[in-house]
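K.L.:
Below are the chains, spelled out letter by letter.
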Amino acid sequence: MSEQNPALELRHVNKSFGPVHANKDISLSVNRSSIHGIVGENGAGKSTLMSIVYGFYQADSGEILINGVPCQIDNPQSSIEAGIGMVHQHFMLVDTFTVLENIILGIEGGACLSKGLAAAREELIRLEKEYSLEVNVDAIVGDLPVGLRQRVEILKALYREAEILILDEPTGVLTPQEADHLFRILDTLRKQGKTVILITHKLREIMAITDNVSVMRRGEMVAHAKTSETTRDALAEMMVGRSVLLRVAKSPAKPGETLLSLRDLTYVDADNVPRLKKIDLDLKAGEILGIAGVSGNGQSELLEILGGMRTPTSGSIRYKGRELVGSKAFSARNLRKIGIGHVPEDRHRAGLVLSFSANECTILGYHDNPEYNRGLRLDRDAMVRNCETYIEKYDIRPPDAYLLASDFSGGNQQKLVLAREMEQSPDVLLVGQPTRGVDIGAIEFIHKQLIQMRDAGKAILVVSVEIDEVMSIADRIAVMFDGEIVGEVSAEEATETRLGLMMAGVRESTTPEMA
Amino acid sequence: METFHIIILLMDATFRVATPLVLAALAGMFSERAGIVDIGLEGKMLGAAFAAAAVASVSGSAWVGLGAGIMASLALSALHAYACVTHKGNQVVSGMAINIVVAGLAPTLAYAWFQMGGQTPSLGGDARFRSIDLPFSDAAREIPVFGYIYADLISGHNILVYLAAAAVPICAWILYKSRFGLRIRAVGENPHAVDTAGISVDLLRYKALAVTGFLCGISGAYLSTAHGAGFIRDMTAGKGYLALAALIFGKWRPVPTLFACLLFAFTDAVQIRLQGVELPIVGVIPVQFIQALPYILTVLLLAGFVGKAHPPKAIGTPYIKER
Numbered sequence: 001m002s003e004q005n006p007a008l009e010l011r012h013v014n015k016s017f018g019p020v021h022a023n024k025d026i027s028l029s030v031n032r033s034s035i036h037g038i039v040g041e042n043g044a045g046k047s048t049l050m051s052i053v054y055g056f057y058q059a060d061s062g063e064i065l066i067n068g069v070p071c072q073i074d075n076p077q078s079s080i081e082a083g084i085g086m087v088h089q090h091f092m093l094v095d096t097f098t099v100l101e102n103i104i105l106g107i108e109g110g111a112c113l114s115k116g117l118a119a120a121r122e123e124l125i126r127l128e129k130e131y132s133l134e135v136n137v138d139a140i141v142g143d144l145p146v147g148l149r150q151r152v153e154i155l156k157a158l159y160r161e162a163e164i165l166i167l168d169e170p171t172g173v174l175t176p177q178e179a180d181h182l183f184r185i186l187d188t189l190r191k192q193g194k195t196v197i198l199i200t201h202k203l204r205e206i207m208a209i210t211d212n213v214s215v216m217r218r219g220e221m222v223a224h225a226k227t228s229e230t231t232r233d234a235l236a237e238m239m240v241g242r243s244v245l246l247r248v249a250k251s252p253a254k255p256g257e258t259l260l261s262l263r264d265l266t267y268v269d270a271d272n273v274p275r276l277k278k279i280d281l282d283l284k285a286g287e288i289l290g291i292a293g294v295s296g297n298g299q300s301e302l303l304e305i306l307g308g309m310r311t312p313t314s315g316s317i318r319y320k321g322r323e324l325v326g327s328k329a330f331s332a333r334n335l336r337k338i339g340i341g342h343v344p345e346d347r348h349r350a351g352l353v354l355s356f357s358a359n360e361c362t363i364l365g366y367h368d369n370p371e372y373n374r375g376l377r378l379d380r381d382a383m384v385r386n387c388e389t390y391i392e393k394y395d396i397r398p399p400d401a402y403l404l405a406s407d408f409s410g411g412n413q414q415k416l417v418l419a420r421e422m423e424q425s426p427d428v429l430l431v432g433q434p435t436r437g438v439d440i441g442a443i444e445f446i447h448k449q450l451i452q453m454r455d456a457g458k459a460i461l462v463v464s465v466e467i468d469e470v471m472s473i474a475d476r477i478a479v480m481f482d483g484e485i486v487g488e489v490s491a492e493e494a495t496e497t498r499l500g501l502m503m504a505g506v507r508e509s510t511t512p513e514m515a
Numbered sequence: 001m002e003t004f005h006i007i008i009l010l011m012d013a014t015f016r017v018a019t020p021l022v023l024a025a026l027a028g029m030f031s032e033r034a035g036i037v038d039i040g041l042e043g044k045m046l047g048a049a050f051a052a053a054a055v056a057s058v059s060g061s062a063w064v065g066l067g068a069g070i071m072a073s074l075a076l077s078a079l080h081a082y083a084c085v086t087h088k089g090n091q092v093v094s095g096m097a098i099n100i101v102v103a104g105l106a107p108t109l110a111y112a113w114f115q116m117g118g119q120t121p122s123l124g125g126d127a128r129f130r131s132i133d134l135p136f137s138d139a140a141r142e143i144p145v146f147g148y149i150y151a152d153l154i155s156g157h158n159i160l161v162y163l164a165a166a167a168v169p170i171c172a173w174i175l176y177k178s179r180f181g182l183r184i185r186a187v188g189e190n191p192h193a194v195d196t197a198g199i200s201v202d203l204l205r206y207k208a209l210a211v212t213g214f215l216c217g218i219s220g221a222y223l224s225t226a227h228g229a230g231f232i233r234d235m236t237a238g239k240g241y242l243a244l245a246a247l248i249f250g251k252w253r254p255v256p257t258l259f260a261c262l263l264f265a266f267t268d269a270v271q272i273r274l275q276g277v278e279l280p281i282v283g284v285i286p287v288q289f290i291q292a293l294p295y296i297l298t299v300l301l302l303a304g305f306v307g308k309a310h311p312p313k314a315i316g317t318p319y320i321k322e323r
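Chains as they are written, first to last, in this note's numbering: chain A, 1 to 515; chain B, 1 to 323.
Because the hints were derived from the structure by calculation, they are not lab data. Only true hints are included.
Below, computed lysine-lysine pairings styled on DSSO-like, alpha-carbon distance capped at 30 Å:
id	chain 1	residue 1	chain 2	residue 2
1	B	Lys251	A	Lys115
2	B	Lys177	A	Lys129
3	A	Lys115	B	Lys177
4	A	Lys115	B	Lys313
5	A	Lys24	B	Lys321
6	B	Lys321	A	Lys202
7	B	Lys321	B	Lys177
The whole structure should be built from the sequences, with the hints applied where relevant.
P.N.:
Here's what the structure looks like:
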């Protein structure tokens, strides 16, 4: 095993799922003691590739070499033995177990647990010191914040003596500060001689931490580069295959009258947990208000209440001066009628019926409209015509109004929902996670559409966990933490650090901040 | 002294009734902790009861009968695993199917083999588990209270009752202190975590269901070769469901489940005791009402008094690798 050999090398790896060629002739070489980024849009094949390395799938053809030695990886077990550790996007942890139990799962060291637990405890204390990864090994994982859970995953890999650590979209659930902390940990790992592979679609992270970067597009490896010799824009262009605007240009907002105003809005859920605590918000015509925050801090509940899917416990919502709470208009259906459109956060659960065709999905919620009905029957021709205009205008692919919603990609599904809600031209549009699971090219399009709507004098509320997105399109940004609005800043004043602190629950004092 | 005597008799009956419940509930615990709903406990018990009685009557040995009961229950459990683990079938449907098939098949086979109207011949002698007297029980009876408890309550049960008593700490140890138990608990909470740790989810669930089959087999054999003396149609009479209720009431934990079983068994013992007895003020309570008591209690307990039970998170959902 010479020092010149790369830690991990892939040669001509191919993998198909039925007719989908997920990985086409992929070759990749990752140097030891480096951080190697792999970027690509959703569905570019990054995760499939790493699943092959981790033994979840077998490649149809191609070779995997570890330290220059060809390696047969048939299952996660053989991958672990080859020194590969993986931190999955969705943590592979048992919430009811302690940290210690989670870490030894699979390598308990004998049929009886007590000996293995004692040995693991010592080893973990050593590992925690070596990599400065403090975590209480006796804590129940379900009680830990996500940042710490991720640390447990890293420890789990290190405990298995991983030399190569693969992280799949590790920052999706973290605040910017937590992400920075993660990068410091990765830096320590690199210094200690470990090799890190970082899979992400966030270019900021690639630029911040990696040594080398590989770009994937539509199942192919399109470029390898030294991070220091490339730029964000160049990478984005390689990812999409054409030049894209990462930040959509927009003119300053011209806010008009207040359309929607919330006062003391409170929501306590069925388990008696307060999810929203006295929320005050105003939304004006001609502006985009962004709600930032780490997911699970009440944004979903807020959106679902405004969309009429939940009833608030107390407080008031006034729309054009009219009180909605307790009124007849307060239902998902009637709110749409009076001009409040809603693009739900979770398009699979609330935005579409996956087993419906595109032309059916594009009338959901508006299916009573006379233009889609002929007597008691739905007017299928009108529905299809309607859907085809959306397909044309929003460039939905494939352009087939009869295709099932489930057969569209995430980005195109989102466009179906957006088209449906935007084309009814509501006065207020609520949008949850406008670009979740949507690739860069489509993100640009969606952002442009939202800004166009704003310029047409509509009020838009955007809830997003992507801080970049909020900063790029919103005119005003409110940050939610633990069911409260911890602060509000205008887009010009917003910085990542400032928002990040608020996302972690730090309130800004009234004195001017020391930046 | 009279009251004391009645209490001892009630407790004695409680233990006898609780034994199959405890064994079946522990059986269910392994299955459900591994993420497989086991509504088929009832069918497995009934199948084991039939197989044990049939084989015991032919071979003349209760132990051979017990073995047959376990084999029958294991086979049904394997069927459940094949449907739910290998083919990702609906676990409730599979369990229900087992219950229905056994409820029909056992009396039919009994009719075909023994021509006794769907029963097996009455068992006697070595074909049945007999009560065993623990050492010094006669001598101990002379000692007041403790000796009496030892001689008349602790001593004098058949071996399977003691086995059930021992099964609780053994199962608790396995679940909480062994590698197998850790993996069982993990696979019921998050099978993806188990898979990525390099352990086969399917194999693990098969193993868990094998333990379920084994314990359920003993439970069924107890009904027909220890508690009763032969198989009769529908002899489980909902005990499998009651065991499942006890498991949920016990929040899927061995010791609380034991107490739940004892509580259900105690109400059953009281129920038998109360039949036809004139109570102060209320008078004689209709026998139907008294017989319904354990079930009413079950519903009440499950409906409100348990507090929030957190079932294993992955229960009921077949494991499918994500793409």
